[in-house]
Amino acid sequence: MALDSSSNSHLTAKIKTADTQSRAAANPSVLSALKAVAKRDFALAYRQRAELMQPLMFFIMVITLFPLAMGPNPQTLQLVSGAVVWVAAILSLLMGLDRLFRDDYANGSLEQMIMSPTPLYMVVLVKVITHWLVNIVPLLLISPLLALFLNMTNTMYLTLIFTLLLGTPIISLVGAIGVALTVGLQRSGVLVALLLIPLFIPLLIFATSAIEYASMNLPIGALLGIIGAMLLFTLATAPAVIAYSLKVSQN
Amino acid sequence: MGFKDIRESQLPILAAQQLSCEKQDRILFQDIDFSISSGELVLLTGENGAGKTSLLRILVGLSSPNTGHVSINGHVIKKDINIATANIVYIGHKLGLSGLLSPVENLQFYMDLIGAPCCDTNEIFDVLSLLGLDGLEDLPLKHLSAGQQRRVALAKLWLNKSANLWVLDEPFTALDVATVSLLERHIENFLKQGATNKLEVSAETDSAKTNSAKTNKAKTKLLDDSSVSGAVIMTSHQATSIDHHKTLFDLEFAW
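Chains A and B are the protein sequences, given in the same order. Heads up, the first sequence is in our numbering, so the first residue is 39 and it goes up one at a time. Heads up, the second sequence is in our numbering, so the first residue is -1 and it goes up one at a time.
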């Protein structure tokens, strides 16, 4: 680091020391900046709770429609339950996803985040995690009721929770890429859905087959493992891609 | 070492080389070379659509130029934007404030984001009351008028103590006469003493400077460095009364 700063001949002495200090103290200030981002996003979510409820209500309504439409035959319902919950979850998550960067883009907060000393991919990752917590936890809390609607067995329900826990972060992370790319466009909601839904097909296949396996009391470890691997891969790559897309959208 | 510092402090805060920008097949500007040194105010003028905002956005790294590059405080902005922009305050058309949060919450978040969370709320309250926002500190920002919202954004210029370059896009819009002159005085101060100034501190350095000026040149320089003066680049349609090192830079509307 000493070598680095001495090679910067363009710095005044004052800036040099400030810079060295800021790099030395990088960790605590980055951490507090990220904490501030999370705190702000939670506060904003709380102040927009009406808007936050909409995807959740959509999720519940889609799932209640199925028993009504298909007739009260418990066996049929059990057969399609995993697929119904997962399709409803993907659609409702996509509905809430454009909240992720829309307001920050419109009011210029995103510009300030890009220009902040904290690397943008970290800020973005914190925002996605906060968004996931705010949107998914209510969905998980309401899911026992929905499992009852669809006549799910205990093992099926547990598998559903596991697949949702592992799978929904993938939706948030990959979805954030789409939102970041289209944030500069007006009314990008349907476009984002059209771009993203094909990407979720593998996830949907593995998640629903895990639930199906569970209903037949077959081992599901491998399927959950594949979803977990997908999650780790997106977790490693998506933040950088989201950050880059946001910078491109500023142009 | 001391000699090197003196030499270095004369190098520009911002240097732009051969910038050109093209939007929708229209060349806004081409091969712009300029630099801003400390203590300098660059006033960017030009017709609507001449590319003033585009140039400012390129300078702070929010958009990339078609050719050329910008370096701030010696860091090339394209390579390490996080370090290069660490000492800039940029206030653009979008204020960077959330309408659902109160002025205090917004500014607290700003301080955390720039990595200066030590700043306590009292300081934010002080600055807000200086800007005539008493009693509005805890109201959601969307309930404030356009001018008041702009004043909240301008509070960053008082709160950010580590900046040595301000990039302001039409800072005087929607402001009343009193606030305009307050801002002008603050800009003049910043050009002379930098962002770290407090009135007491600046008075102290001034007297120290005059005392030692005849006796020890190097020492004077050192004292000067302890309050590095800032630089400002801004666009404005209103005539300003700031007369400190004004550099005019006129962009022409071109097809």
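Treat the hints with care, as some may be off.
[Claimed, not checked] Quick look at which bits of chain B chain A covers, simulated, 3 or more residues with Cβ under 8 Å:
| hint | stretch |
| --- | --- |
| 1 | 124 to 134 |
| 2 | 176 to 190 |
[Unchecked claim] Derived pair list, reagent style DSS-like, types lysine-lysine, alpha-carbon separation capped at 25 Å:
| hint | chain 1 | residue 1 | chain 2 | residue 2 |
| --- | --- | --- | --- | --- |
| 3 | A | K73 | B | K21 |
| 4 | B | K76 | A | K77 |
| 5 | A | K285 | A | K77 |
| 6 | B | K159 | A | K73 |
| 7 | A | K77 | B | K92 |
| 8 | B | K92 | B | K21 |
| 9 | A | K285 | B | K190 |
| 10 | B | K21 | B | K77 |
| 11 | B | K92 | B | K140 |
| 12 | B | K77 | A | K285 |
| 13 | B | K21 | A | K77 |
| 14 | A | K285 | B | K92 |
| 15 | B | K92 | B | K76 |
| 16 | B | K92 | A | K73 |
| 17 | B | K77 | B | K140 |
Just so you know, the hints here were simulated from the structure itself, not pulled from any lab data. The beta carbon of each residue, even a glycine, is placed where N, CA and C say it ideally should be.
Quick rundown of the hints versus the structure:
Requiring three or more residues with a Cβ within less than 8 Å of a Cβ of chain A, the coverage given for the stretch 124 to 134 of chain B is violated, as only 0 such residues are present. Judged by the Cβ-Cβ criterion of 8 Å, the stretch 176 to 190 of chain B is not covered by chain A as claimed, because only 0 of its residues qualify and three are needed. For the given pair, K73 of chain A sits about 38 Å from K21 of chain B by alpha-carbon distance, which is inconsistent with the 25 Å threshold. For the hint pairing K76 of chain B with K77 of chain A, the CA-to-CA distance comes to about 30 Å; that exceeds 25 Å, so the pair is violated.
For the proposed pair K285 of chain A and K77 of chain A, the alpha carbon gap of about 23 Å is at most 25 Å, so the pair holds. A threshold of 25 Å between alpha carbons decides the hint, and for K159 of chain B with K73 of chain A the separation of about 21 Å falls inside it, so the pair holds. At most 25 Å may separate the alpha-carbon atoms for a hinted pair to count; K77 of chain A and K92 of chain B meet this at roughly 22 Å. A C-alpha spacing of about 20 Å is found between K92 of chain B and K21 of chain B, which places the hinted pair at or below 25 Å, so the restraint holds.
The hinted pair formed by K285 of chain A and K190 of chain B fails the criterion: a straight-line CA distance of about 34 Å is larger than 25 Å. The hinted pair formed by K21 of chain B and K77 of chain B meets the criterion: a straight-line CA distance of about 23 Å does not exceed 25 Å. Distance check on the hinted pair: K92 of chain B and K140 of chain B sit about 14 Å apart at the alpha-carbon level, within 25 Å; holds. Only pairs whose Cα atoms come within 25 Å are accepted, and K77 of chain B paired with K285 of chain A is accepted, the gap being roughly 13 Å.
Simply put, K21 of chain B and K77 of chain A have alpha-carbon atoms about 38 Å apart, too far for the 25 Å limit, and the pair is violated. About 16 Å separates the Cα atoms of K285 of chain A and K92 of chain B, which keeps this hinted pair within 25 Å; it holds. Our distance criterion of 25 Å between C-alpha atoms is met by K92 of chain B and K76 of chain B, whose separation comes to about 22 Å. At roughly 24 Å between alpha-carbon atoms, K92 of chain B and K73 of chain A fall within 25 Å of each other, so this suggested pair holds.
A C-alpha spacing of about 36 Å is found between K77 of chain B and K140 of chain B, which places the hinted pair above 25 Å, so the restraint is violated.
Violation of the numbered hints given earlier is confined to hints 1, 2, 3, 4, 9, 13 and 17; the remaining hints are satisfied by the structure.
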